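Colleague: Chain by chain, the residues:
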Amino acid sequence: MSNLLEIENLEAGFDTEHGLVKAVDGLSFELEKGRTLGIVGESGCGKTVTAMSIVDLLPKPAGKILEGSIRLMGRELRGAEPEVMYDVRGNDVGVVFQEPMAALNPVQRVGRQIIESLLLHRDLTKAEALCKAVELLDAVGIPSPDRRISDYPHQLSGGMRQRVMIAIALCCDPDLLIADEPTTALDVTVQAQILELMSEMQKERGMATLLITHDLGVIAEQCDEVVVMYAGRIVERASVKDLFAEPKHAYTKGLLSSIPRLTNERKSKLRTISGQVASIQDFVAGCRFCQRMGRTGDTLIKRPAYEDLGGGRFLETCPECT
Amino acid sequence: MHFPVRGGILYRQTGSVKAVDGVDLSIRHGETLGLVGESGCGKSTLGKCIVRLLKPTAGKVLFKGTDLTDMSQSSLRPYRQDFQMVFQDPAESLDARMSVGELISEPMVIQKIGTRGDRVRRVEELLDLVGLPKKAAQKFSFEFSGGQRQRIGIARALAVSPDLLVLDEPVSALDVSVQSQVLNLLMDLQNELGLSYLFIAHDLAVVKHVSDVIAVMYLGKIVEIAPAEELYANPLHAYTKALISAIPVPDPSVDRKRIVIPGDVPSPIDPPPGCAFGHRVNAKNYQASVDAPLGLKEVADGHWVLDCPCCVSGQGQ
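These protein sequences, in sequence, are chains X and H.
Per my numbering, residue 1 is the first one in the first sequence, and the count goes up by one each step.
Per my numbering, residue 1001 is the first one in the second sequence, and the count goes up by one each step.
It should be emphasised that the hints constitute simulated quantities derived from the structure, not laboratory data.
Treat each hint with caution, since some may be false.
[Unchecked claim] Partner residues are not named here, just some residues of chain X that face chain H (Cβ under 7 Å, in silico):
{"id": "1", "residue": "A192"}
{"id": "2", "residue": "G217"}
{"id": "3", "residue": "V240"}
{"id": "4", "residue": "P260"}
{"id": "5", "residue": "L270"}
[Claimed, not checked] Straight line, CA to CA, 25 Å or less: simulated DSS-like cross-link-like pairs of lysine-lysine:
{"id": "6", "chain 1": "X", "residue 1": "K33", "chain 2": "X", "residue 2": "K22"}
{"id": "7", "chain 1": "X", "residue 1": "K269", "chain 2": "X", "residue 2": "K253"}
{"id": "8", "chain 1": "X", "residue 1": "K267", "chain 2": "H", "residue 2": "K1241"}
{"id": "9", "chain 1": "X", "residue 1": "K203", "chain 2": "H", "residue 2": "K1284"}
{"id": "10", "chain 1": "X", "residue 1": "K33", "chain 2": "X", "residue 2": "K203"}
{"id": "11", "chain 1": "H", "residue 1": "K1284", "chain 2": "H", "residue 2": "K1241"}
{"id": "12", "chain 1": "H", "residue 1": "K1112", "chain 2": "H", "residue 2": "K1048"}
{"id": "13", "chain 1": "X", "residue 1": "K241", "chain 2": "H", "residue 2": "K1257"}
{"id": "14", "chain 1": "H", "residue 1": "K1018", "chain 2": "H", "residue 2": "K1060"}
Since we're looking at a predicted model, the values are computed, not measured.
Idealized CB from N, CA, C, for every residue including glycine.
If we strip away everything but chain X, and leave its shape as in the complex, we get (with noise of 0.2 Å):
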């Protein structure tokens, strides 16, 4: 199988007034064509900044890739000339972001918003481009797609808003899609029913998918693998069958135990993680899941390195967290 995407030793930051802050901090992994990686990570551990780093809509001018290289297909992305990136964004990659209600214009019809990307990429007119929007918004399963293409994103539910999100991602049969935490404001129900649709729309296309989230849950039925951030590094890579059965780092652990599930014994102490993610400007050099676990030695200063155990699995091996 061949890489999709690689993504190689990616430093990417923020100006700010305490100086650069680097979010993401040497990134590397790879995602094969028709396959689902999954990051998981806690609020701020740089899951989001990977994702707008690939498509580079890191907020400018504040935010910047500083290291590294991202290939798309063989295809430098770093670097790359703003038309070629118009070019890639929508047509090669597809985005869902978390929250559709901000991610769409409120005050346009979302058959406009979907014609958008179709007539920037394809050679359509506005009559052949809205048919093909109707298509899509039944394709993901919005009832009766011809009155709705003309509704506001507000009179649409959460969900039904998602399901736009996720045909103005499609509409160019993108070969990557990449998925900012797409379940994240929906209910339980909803969600279902949107990972549902994204696995058929995967299967059908035969495109790779790059889904971000915090829960757990969902990276177990959705990914083929996993990349485990924390403070903005991989900790742990693995597919998803090896990391839940087996984890290997420290934090992948905690963060395993302490979800509640129900099979746990009612009203039982959970798991927790001592401490806190520290703030960014003070991440230490070293294993940062040490200086949360507020160890103090060697750890800290010497920044642990990965090692490949085979099977496309990676660990940060740190000798006090692995």
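We have chain X already, so just place chain H on it with the hints.
Modeller: Positioned in the frame of chain X, the structure of chain H alone reads:
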């Protein structure tokens, strides 16, 4: 609880939203009642009716036998010591211009409890109780992380030593590792202080973990209420079943069938006649529910389910 819908030039009432429609519930001493349902089903409205932040249109709220429903704000005030509320988003519910010490002592000031010195000591005690350092009292809430802010919210609610806490999505805004810290704190506090909780949440795994009894709400109505274990082992209403099956299981080795409910929750301004869930899923016997009385019926000890011909099967063994 009905909210008026107004319209037209004179802004007259043109209809009403039945956000909570004929709900009967009781919370026992020292117990946790979990309340689950999708957004817009009336969970929060119900919580606010209970602490009388809203005045119910009809029906009664009894607290330790006292009828709170028609009390004026001023006669209600002494009772407010006994029930407090913790809100979902601590970033929004805590005044950013007050220090943490002021935030926590404010309820005591309003209830005229203790002298200034007593209150300072009580604030330190409360901070300790929720696992924050004493010096936090001089800081402002925005200097804290989400989990710590929720601890401040809890300390503030506990300041007047209430018996009942209404917790409206207390952990939804938190990351998992912090969420479990706050849940542990809530369970510890319940043990130590003998508190009763109304725990409102949409995360069923969380609700199951902390609750003794769980009520499932759909479009303003309770569709099923049962002891926590019983509800998950033997859900009877189709909506409860679907809700449970929709929770993603954090274990890839479990291969299970997800029941995907089509459609959305209908608008409470114009609810369908009969069983609202049967209408949504186009249930076979939906027509039969239109004329049915649709009341809760006890099918097993403490297990009540909406007596609906289209959504409940195999009941009453």
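Colleague: For the pair we were handed, X/K33 and X/K203, check the Cα-Cα distance against 25 Å.
Modeller: Cα-Cα ~12 Å, so holds.
Colleague: Run the distance test for H/K1284 versus H/K1241: straight-line Cα separation, threshold 25 Å.
Modeller: At roughly 17 Å apart (the allowed maximum being 25 Å), H/K1241 and H/K1284 satisfy the hint.
Colleague: Could you grab the alpha-carbon distance between X/K33 and X/K22 and see if it respects the 25 Å cut-off?
Modeller: violated (29 Å)
Colleague: X/A192 was flagged as interface toward chain H. Is the shortest Cβ-Cβ separation under 7 Å?
Modeller: Status holds, d = 4 Å.
Colleague: Would you settle whether the hint for X/L270 is holds or violated, based on the nearest Cβ-Cβ distance to chain H being less than 7 Å?
Modeller: holds (4 Å)
Colleague: How about X/G217: closest beta carbon in chain H under 7 Å, or not?
Modeller: Constraint on X/G217 satisfied, holds at 3 Å.
Colleague: Between H/K1018 and H/K1060, is the straight-line Cα distance small enough, at 25 Å or below?
Modeller: Cα-Cα ~16 Å, so holds.
Colleague: Are the Cα positions of H/K1112 and H/K1048 separated by 25 Å at most?
Modeller: holds (24 Å)
Colleague: Is the hinted pair X/K203 and H/K1284 satisfied, with a Cα-Cα distance of at most 25 Å?
Modeller: violated (32 Å)
Colleague: Taking 25 Å as the top limit, are the C-alpha atoms of X/K241 and H/K1257 close enough?
Modeller: Within the cut-off at roughly 18 Å; holds.
Colleague: Was the hint right that X/P260 lines chain H, CB cutoff 7 Å?
Modeller: holds (4 Å)
Colleague: So if I understand the rule, the pair passes when the alpha-carbon distance is 25 Å or less; does X/K267 with H/K1241 pass?
Modeller: Between X/K267 and H/K1241 the Cα gap is close to 22 Å, so the pair holds against 25 Å.
Checked against the numbered hints above, the structure breaks hints 6 and 9 and satisfies the rest.
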